[in-house]
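Colleague: Sequence:
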Amino acid sequence: MKSYNPSDFPVATTGFFYAADDTKTALRELYPYVDQGMKLANGTGYHKRLFANGADMNDVMLVGSPQQIIEKMIYQYEELGHQRYLAQIDFGGMPFEKVMKNIEIIGTKILPEVKKYTKGK
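For what it's worth, our numbering labels the leading residue of the sequence shown as 9, then goes sequentially.
Just so you know, these hints were derived from the structure itself, not from any lab. Keep in mind that a hint or two might mislead.
No farther apart than 20 Å at their CA atoms in a straight line, the calculated lysine to any residue pairs in the SDA-like style are these [what the hints assert, rightly or not]:
#1 Lys-129 - Tyr-83
#2 Lys-32 - Ala-60
#3 Lys-32 - Glu-87
#4 Lys-123 - Ile-82
#5 Lys-117 - Asp-30
All chains, full assembly: derive it from the sequences and hints.
Modeller: Right under this line is the structure:
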């Protein structure tokens, strides 16, 4: 049996993702979908106080303005050294238009800045 060195494998993080003009708007718009998704997944919703912590730099959720998300993603990169991020966007019945808007924001505003920061690291 062949063994592998764990340090040879890439590290990934994941979490709920939602971008809007500001954090307050992002949290307000995302909450109903996360709450509904949690009700469907485990029978209970997502407590609003816990969800509000999503904007905190130490929380796994990437929710806020594109600039805030860039800063948080770079902070997480410095803390964890991950090479991949899996954005959980389509959750709890989020409309396709909102999903596509967030994918566009990731590709046009967030990813270029994160790639610029992490290039060569």
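Colleague: Next, verify each hint and record whether it holds.
Modeller: Verification of the supplied hints:
1. Lys-129 - Tyr-83: Distance of about 14 Å is within 20 Å: holds.
2. Lys-32 - Ala-60: OK: Lys-32 and Ala-60 at ~9 Å, within 20 Å.
3. Lys-32 - Glu-87: The given pair, whose Cα atoms are some 25 Å apart, is violated under the 20 Å limit.
4. Lys-123 - Ile-82: OK: Lys-123 and Ile-82 at ~10 Å, within 20 Å.
5. Lys-117 - Asp-30: It holds: about 14 Å lies between the C-alpha atoms, which stays within 20 Å.
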